[in-house]
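Enquirer: Protein chains in written order, with the working numbering: chain A, 1 to 304; chain B, 1 to 239; chain C, 1 to 615.
No wet-lab data here; the hints were simulated from the structure. Where hints are given, some of them may not hold.
[As the list claims (entries may be wrong)] Only part of the chain B face toward chain C is listed, based on derived beta-carbon distances under 10 angstroms:
1. Asp19
2. Met54
3. Leu170
Idealized CB from N, CA, C, for every residue including glycine.
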Amino acid sequence: MLQVLLSGLATGAIYGLVAMAFAIVFYVTRVINFATGQLLMVSIMTVSGLAAVGLPGWAAIIAGLVLSTGFGVGIYFGAVRPVLKVGRGGFAWLVSTLGVAIILASIAAIIFGPTSRAFPELLHHESVRIGDASTTWQELLAIIVAVVVLIAFELFRRRTLFGKVGMAISSDPEMASAIGANATAYAVLAFAIGGLLAGAAGVLVGPITYANPYLGDTYGIAGFIGLMIGGIEKPAAAMGGGLLLGVLSVLANTYINSQAADWFPFAVVVVVLLIAPHGLFASGNLFRRWFGRRGNVATMGTRA
Amino acid sequence: MSGEALQIEGLSAGYGRFDVVHDIALRVESGEAVALLGPNGAGKTTVLRAIMGMLRHRRGRIEVAGTDVTTMPTHRIARGHVGLVPEGRRLFLDQTVEDNLRLGGLRLRHDRERVEALLGSVYELFPAVGRYRNRPANALSGGEQQMVAIGRMMMSDPALMLLDEPSLGLAPLAIQDLARALTALREQGRSILLVEQRVDLALQVCDRVYILSGGRIVRESSASTIDAEGRELIDAFLG
Amino acid sequence: MTAAAVTAAGDIRRRRTWAWITAALVLAYFGATYGIAHGTIYTQGLISQAMIFAVLAVSLDLVAGMTGLYSLGHAGLFALGAYTTALLGHAGWNIYLLLPISIIGAGLVGAVLGTLSLRVSGLYFAIMTFIFSLVVTVILQDFAFTGGLNGTPGPIYPSLPSWAIFLGNPLVWTIAVVLLIAVTIVWSIRASAMYPVLLAIRDAEPFAAANGVRTAAIKIGVFALSAGLAGMAGWAFSFSGYISPQQFTWTTSVNILVMVIFGGINTRLGPIIGAAFVSAFPIVVHIDPLVQELIYGLVFVAIIVFFPGGVMGLVMLVIHRLTRRRSGPPLAAAAAGDTAPVGHVEVEATSSPPRRTGSEEYALEATGITFSYVKGVKAVEEVDFRVRRGSVHGLIGPNGSGKSTLVNLVAGRLRPDEGTIVANGRRIDRLDAATRPAHGIRRTFQSAVLVRDLSVRENVTIGLYHRTPNVAGRSLVWPLLPGALRDHREMRGAADTALQTAGLAASWNGARVADVPHGVEQLTQLAAACVGEPSILILDEPLAGLSTREIEQVSEILNDLRERGVTVIVVEHQTHFIFSMCDDVTVLAAGRLVVSGPAEQVRSNERVREVYLGQ
Chain A
1 MLQVLLSGLA
11 TGAIYGLVAM
21 AFAIVFYVTR
31 VINFATGQLL
41 MVSIMTVSGL
51 AAVGLPGWAA
61 IIAGLVLSTG
71 FGVGIYFGAV
81 RPVLKVGRGG
91 FAWLVSTLGV
101 AIILASIAAI
111 IFGPTSRAFP
121 ELLHHESVRI
131 GDASTTWQEL
141 LAIIVAVVVL
151 IAFELFRRRT
161 LFGKVGMAIS
171 SDPEMASAIG
181 ANATAYAVLA
191 FAIGGLLAGA
201 AGVLVGPITY
211 ANPYLGDTYG
221 IAGFIGLMIG
231 GIEKPAAAMG
241 GGLLLGVLSV
251 LANTYINSQA
261 ADWFPFAVVV
271 VVLLIAPHGL
281 FASGNLFRRW
291 FGRRGNVATM
301 GTRA
Chain B
1 MSGEALQIEG
11 LSAGYGRFDV
21 VHDIALRVES
31 GEAVALLGPN
41 GAGKTTVLRA
51 IMGMLRHRRG
61 RIEVAGTDVT
71 TMPTHRIARG
81 HVGLVPEGRR
91 LFLDQTVEDN
101 LRLGGLRLRH
111 DRERVEALLG
121 SVYELFPAVG
131 RYRNRPANAL
141 SGGEQQMVAI
151 GRMMMSDPAL
161 MLLDEPSLGL
171 APLAIQDLAR
181 ALTALREQGR
191 SILLVEQRVD
201 LALQVCDRVY
211 ILSGGRIVRE
221 SSASTIDAEG
231 RELIDAFLG
Chain C
1 MTAAAVTAAG
11 DIRRRRTWAW
21 ITAALVLAYF
31 GATYGIAHGT
41 IYTQGLISQA
51 MIFAVLAVSL
61 DLVAGMTGLY
71 SLGHAGLFAL
81 GAYTTALLGH
91 AGWNIYLLLP
101 ISIIGAGLVG
111 AVLGTLSLRV
121 SGLYFAIMTF
131 IFSLVVTVIL
141 QDFAFTGGLN
151 GTPGPIYPSL
161 PSWAIFLGNP
171 LVWTIAVVLL
181 IAVTIVWSIR
191 ASAMYPVLLA
201 IRDAEPFAAA
211 NGVRTAAIKI
221 GVFALSAGLA
231 GMAGWAFSFS
241 GYISPQQFTW
251 TTSVNILVMV
261 IFGGINTRLG
271 PIIGAAFVSA
281 FPIVVHIDPL
291 VQELIYGLVF
301 VAIIVFFPGG
311 VMGLVMLVIH
321 RLTRRRSGPP
331 LAAAAAGDTA
341 PVGHVEVEAT
351 SSPPRRTGSE
361 EYALEATGIT
371 FSYVKGVKAV
381 EEVDFRVRRG
391 SVHGLIGPNG
401 SGKSTLVNLV
411 AGRLRPDEGT
421 IVANGRRIDR
431 LDAATRPAHG
441 IRRTFQSAVL
451 VRDLSVRENV
461 TIGLYHRTPN
471 VAGRSLVWPL
481 LPGALRDHRE
491 MRGAADTALQ
501 TAGLAASWNG
511 ARVADVPHGV
521 EQLTQLAAAC
531 VGEPSILILD
541 EPLAGLSTRE
551 IEQVSEILND
561 LRERGVTVIV
571 VEHQTHFIFS
581 MCDDVTVLAA
591 GRLVVSGPAE
601 QVRSNERVRE
611 VYLGQ
């Protein structure tokens, strides 16, 4: 059981990092960057490509992360910012970021060819025994990174002044400007962090998957589902959703059949959205109330 | 530097194809408290939003302490020593009272001593706020939130203070506290532009009064010598 | 001949001209179809594909452009139609029977998706439809009965009987007819009295509800209709040979949305132009498929970034530039009189002094009303509010006193925690806002709530939606129904009359609400509320931002309404106006009732002076 759990958390860590990438961008800018999955792909392809031409592993990883972060910022300036200026609350950014997803996948396919290639051996696939479970360093690293990112983000958000400015921008961007916060700078930062997390997820998942230009779809959608399950409004909830999704997928894989990992996530997200449309860990919904045991039960529900 | 905290000339602005305010000219001398009165829909909030750079369509010229801010983005105007208490307070409700105040002091964040000193002076002026410093802002009453909003503005130690209908939604007792706070600010030598519907509050606190109607300034007068016709004008609008 | 008869005659002439033009266009359309049905297989394939996507784009524009429901799930609905037809067609079912089955099946799923839109906002709804697309893809790929990744062959389209062979390829004709049907339905809705209602649902939901529009039912209905059209497209598509899951992924949904946005959202031709572009693109840009993908992505990002109005937006811009020289700045001239500075203030009501109606019957009785927005803070506490029939009743109080809350409770936007509300003898507190017009209650709103993209006149016609029979149903073929056209003409006429009564110069009637000054917008709201001939009219701060002249107009209207026996409730800050106009006045403070009674008594009441005037 522990085995399954660890394996699930490792998978979930990847999903969670992608989900957090989505969520952080949404938190600050109210935009969903549908090219986030492709940023993961960019880092994987870069690392794989550079390693193949002889660059040492650590240099390739840095290059991959720099590129995914850079592209993240580029997406803000190229596809999001110009659209936000004009549109009065429409969803043009949805279509433009989806367009960027297509562009990035095509560029990668042109440069690297549409077929898969191997990802360099960076971390030993040595087994590690914990209790009666056996896992690898790679998997443990993924879990550790996810937990560290989660804790670091929450600490930053709640304890530092800049984090609080971020919270202010999220809840009332106009008033935040009126106290001197540069909303554009924060938007750039959010997109950069989103790119970095997606890139990191790519580096962590690279060794267990093949690098191919259309990976972005697979992990992007998985991360997006994790985001929907956990809750779109808070990055911490998104990470939770991703981890949960990972665990459930591996459970389905183990106890149902090997095909189940394909459709199970969708079944989960449909059920979750029907009960709690804003995500399981979003504030003010049933799940939280049962566990939080706060508030007057009689006042549950919303007014017309 | 001229003795003017705020100088507006020929301001016309609006949100769509039509302007809401036309050809506005007003000034606030350094150390003066000036009221902008008028009925609902007259354009008072529009003038404040124009000063803060929140409106795209504006013609005319706005200067704060001698600097032309007409085309500056909001956050730079805020950092240029203009503080705002907006209509409806707009506190950051998911954060504590003290967090809200510290956020107000964002532009001074490098000067820790000054921030702590300002924080202290806010707590001195509003003891109730001090008592609730660690509570989430949404747990406070309307009047208490108003005090926090004013405190937040004070934290940036602004040269020019803009207040948009601070008495809105306040019970009479809270309004008395508000008047006291505004008078204290004025006595500190601040430059204040107060938009209000409550005439008595405005006349009590301010030195000079502008009356705005249908998007235009229709009268300017000193508060103490407001003549019978002026008073009638105000009464007619506001009962 | 009377003026009305002249306009009616002119209308009939215009209608006849349009009828001839339409007939000519349809003939040309079928002529072109004939040509294609005899063309090469290659052309037939290309054009058929483009036409099917045009159906999808047009159906999406109906929900996204007109009703504001952005759907990324249309590929799933498309798949539903295609796979149902393919699988059942192979099982021996009659393919023509499968057409209504596909439409109804997709329509039902669409209705379910439509109900989702009621629970969540626009963005979440778009996400949910996106997930629906993903779910459909998974079902198509992972289950054996759908043929899995390889897909399934579509049914063979039956050949024509020997006497019709001259027509050429029957499938081309069928697809042409399918497109014609879809376009007819969607364009009819656009030309009908339903169009302003849909836009109101999209942009101004409270205004729509206040005029009796059952927004929930309409959203579901429109989505179901759109889904049905997508299902129909799927039916037609299945005859193309082989269908597989790759043709129905979320990318396809995005492509359909791109077609709509690229061509121009909420326009007649936009979706069709967009469909043509996206279909033709791979053919015209005939290079390495990877590079082609790249260029495609670049083009559509560029279009969205630089031309948010799409191709049609660009076309309209050009046309405006070209015609601008002819029409001067008409609105500015008309505005001059209205927004002149207020020099001499006289905001007392004009003409007849208030009359005591002598009637003791209450048109509206609210008893013991209590309501909290947030637990523990009562916005309204045990308020009794009684309004005599035929009187003008003022409701005043400082900001935060609960006036607006009480109005929203009476109007049905909020439900009281405690207490009852009885209007014209019937209890209404448990009923929602859209039921109010049926009880003779209409209202205006404090801040701008009209549909900005529509004209002043069109906004007022929304007020007549409730009184006009079966607007929604008839909208599908509106221009073909003489009765509907007549009703539409009458609605516009009644709207113009109401606007005139509200004191607006006729030159404003055709202007977009986004372009008119605040005072005009307020008077338009008033006209929209009055055109429905209410027995109880509720006005929420009607004087905000009005010039003296406009306030005088409002006074005249209220006096006129009182004479006609209409009960009017006015919420206002301008107490001079209230005390000179109203028969009775109710004062609220901090959520509680301070005093209620005849205006003179209330005015001289000590507590009122304390509480409201701060003295």
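Enquirer: Each hint: holds or not?
Expert: For each hint, the structure was consulted:
1. Asp19: Status holds, d = 9 angstroms.
2. Met54: violated, 17 angstroms
3. Leu170: Holds - the Cβ of Leu170/B comes within 10 angstroms of chain C, reaching about 7 angstroms at its closest.
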